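Number of protein chains: 2
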Amino acid sequence: MERAHNFFAGPAVLPLPVVEETRDAVLDFANLGVSIMEVSHRSKEFDAVMLETQKDALDIMGLSADEYACVFLGGGASLQFAMVPMNFLAKKADYVITGEWATKAFKEAKIVAESVKAEAVKVASSEEANFTYIPKELKWSPDADYAHITTNNTIYGTQWRTTPDVGAVPLVADMSSDMLSRPLDFSKYSLIYAGAQKNLGPAGVTMIIVRKAWVEEKARKDLPTMLKYKTHVDKGSMFNTPPVLPVFVVGRTLKWIRAMGGLEAIGERNEKKAKMIYDVIDAYPEFYRGTVKNPEDRSRMNITWNLPTPELEDLFVSEAKKRRMLGLKGHRSVGGCRASVYNSCPMESVEALVKFMEEFYRAHK
Amino acid sequence: MERAHNFFAGPAVLPLPVVEETRDAVLDFANLGVSIMEVSHRSKEFDAVMLETQKDALDIMGLSADEYACVFLGGGASLQFAMVPMNFLAKKADYVITGEWATKAFKEAKIVAESVKAEAVKVASSEEANFTYIPKELKWSPDADYAHITTNNTIYGTQWRTTPDVGAVPLVADMSSDMLSRPLDFSKYSLIYAGAQKNLGPAGVTMIIVRKAWVEEKARKDLPTMLKYKTHVDKGSMFNTPPVLPVFVVGRTLKWIRAMGGLEAIGERNEKKAKMIYDVIDAYPEFYRGTVKNPEDRSRMNITWNLPTPELEDLFVSEAKKRRMLGLKGHRSVGGCRASVYNSCPMESVEALVKFMEEFYRAHK
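Residue numbers (the working numbering), protein chains in the order written: chain W, 1 to 365; chain B, 1 to 365.
Don't read these hints as lab results, they were simulated from the structure. Computed from a predicted model, the values in this text were never measured in an experiment. Beta carbons are placed, not taken as given, at the ideal position from N, Cα and C, and that holds for glycine.
Ranges of calculated distance between the beta carbons of each label pair, as one might list FRET restraints:
1. W:N130 <-> B:K221: 23 to 33 Å
2. W:N130 <-> B:E2: 50 to 60 Å
3. B:E2 <-> W:K275: 49 to 59 Å
4. W:A30 <-> B:P183: 32 to 42 Å
5. W:A30 <-> B:D234: 36 to 46 Å
6. B:E286 <-> W:D47: 30 to 40 Å
7. B:K221 <-> W:K91: 20 to 30 Å
8. W:E67 <-> B:D143: 49 to 59 Å
9. W:D47 <-> B:H364: 24 to 34 Å
10. B:M260 <-> W:K235: 32 to 42 Å
11. B:S187 <-> W:K275: 58 to 68 Å
Using the sequences and the accompanying hints, generate a full structural model.
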């Protein structure tokens with residue numbers, strides 16, 4: 001079966017070599033005569049995978065293992081929406097609301113705030129403009145327990161292009177949809193979480209990068225064991241059985257990132273891919289109506305646009321599908337079209353899409 | 001690579017046809033030209049997998065979808081240790097302590113009890129005899145919010161052979177290590193949870209079977225969204241991105257269980273496999289020293305024994321490994337030897353083990 005052009009927003013395309021290595025490991029892992037799905041997580045062979053994956057993640061991000069821990073948990077970013085405030089909200093936390101996932105993170109913070117008599121503060125929001133931009137005027141609280149942002153907004157196609165300055169307050173980021181997609185000073189963040197199924201691997205595992213001293217000094221001690229970051233940091237992410245195959249795939253994807261040249265090279269390639277699509281949007285702005293207000297807020301991961309009518313949008317998606325381009329329908333909450341072009345999306349897929357966009361424009365302008 | 005004889009306690013052996021179907025789906029799922037790791041969980045193709053897997057699970061257990069829901073979450077049984085009391089502990093809950101996992105479940109119940117000013121009660125425990133039997137004299141509280149048991153004790157090789165009568169109190173069971181291994185009146189249970197990585201699939205997904213009316217009427221409403229069973233029941237286990245590949249594998253394993261003849265046939269086969277090993281233990285009781293006190297408490301899933309010396313145990317494990325039999329070392333907390341013979345463990349592996357046990361006895365008696 002020929003590979004489709006995969007523009008799904010997540011789960012999403014993975015590098016072909018990673019898919020092939022996983023296929024092989026599903027039949028036989030490490031020459032043990034058992035599948036990666038059948039091997040004990042306490043085996044020395046899997047233990048080596050876990051350690052190397054954690055090391056590669058921190059290395060790629062330029063972080064020291066003395067300062068940061070990398071752990072892998074289930075439950076997706078959605079569980080992190082709750083675990084962050086459960087662990088760290090004592091008095092007050094700041095949230096910037098830039099889309100649906102930020103809204104959900106804030107909702108969970110409010111639920112936790114209620115139970116511990118603390119406060120979750122909406123520092124800024126672009127909701128009034130349907131999340132078409134990233135707020136720039138931000139009044140952070142200098143005494144907050146932490147500040148929370150969502151670096152890329154999968155549904156609305158916006159992205160924080162720079163890390164905001166929150167002073168001495170610990171910065172927490174949901175990077176699910178742009179994790180490891182560009183060079184960034186990751187040391188400005190105290191906690192980063194990312195559901196794997198966009199830039200890192202398959203669904204079923206969330207990568208969490210957290211400053212160990214913050215956990216040690218500030219995280220609550222009286223939570224259920226599984227919901228404490230300290231549990232997982234102390235046990236090297238092996239407190240209980242981790243999602244073995246998903247962690248293996250993340251490990252292979254990190255090797256692929258290194259082989260591609262690391263975040264500098266990945267970031268350049270992502271810039272190039274996104275520009276190819278934005279160039280078509282900008283060439284025919286009456287036809288391909290980009291949804292993001294300010295060009296500087298445009299996401300390099302999720303590119304969103306409308307066509308003149310919903311009928312044309314449906315036709316665009318179904319004609320694309322005939323050309324084996326999948327996942328171009330916008331999120332069900334906003335409609336329109338969306339191309340997700342994560343790290344692993346190959347240049348050929350973007351070329352095919354751009355070619356089709358040109359053709360479709362000429363046929364229906 | 002020839003398949004090894006896999007006696008790992010979990011993650012554990014899967015049916016070979018399931019391994020092969022998964023390998024194929026890792027390359028191409030549903031003729032879409034994308035991997036099962038790359039497909040949107042909102043695609044109609046994966047939606048069909050989710051619905052069929054939930055239906056097959058309830059069908060196999062003889063439960064009605066009107067009364068019960070089947071949901072798939074991350075975090076393993078360890079997260080359920082916390083979610084059960086978080087959702088249902090208001091006043092008092094009864095726990096029977098039959099091993100390490102029951103102890104951990106009870107520990108989480110006490111943490112939650114503290115925070116909601118409720119009580120977690122140890123109804124009975126076999127800890128004083130190193131968990132070598134299942135307590136029979138049980139004084140359940142008629143006014144408990146629920147009663148909790150661990151139906152199979154992976155480390156100590158014991159199993160509840162019958163479902164205890166807890167009257168009108170909702171019965172909750174951790175069935176991680178004997179889920180769907182035998183016919184059982186599942187309607188006696190209000191909530192069953194099982195980490196998939198023993199009888200159901202790979203690590204990274206937990207199956208939860210729960211009585212819908214209990215959730216609706218009794219579960220707490222003010223918890224973080226991801227930690228409420230109601231969230232997942234209401235959304236058909238699709239509130240957020242589920243662990244797609246692990247759910248797919250569970251689905252294929254359920255099809256395999258049906259093809260094998262369902263729980264009656266699976267149960268008979270498991271009885272036969274366990275008896276073959278226990279027969280060797282009983283034939284040479286001074287050499288293969290079964291750790292379970294009462295024969296009626298012996299697990300059909302995890303068979304545990306000691307040899308006369310730790311040196312002989314090490315030799316047994318290493319000689320077995322040379323014959324491609326993996327995972328025969330007892331849990332690190334208790335030592336000794338253990339053979340885990342879950343549903344998917346083929347008869348040939350048990351035959352190979354029994355043959356080796358006879359040889360080893362003759363060589364070292």
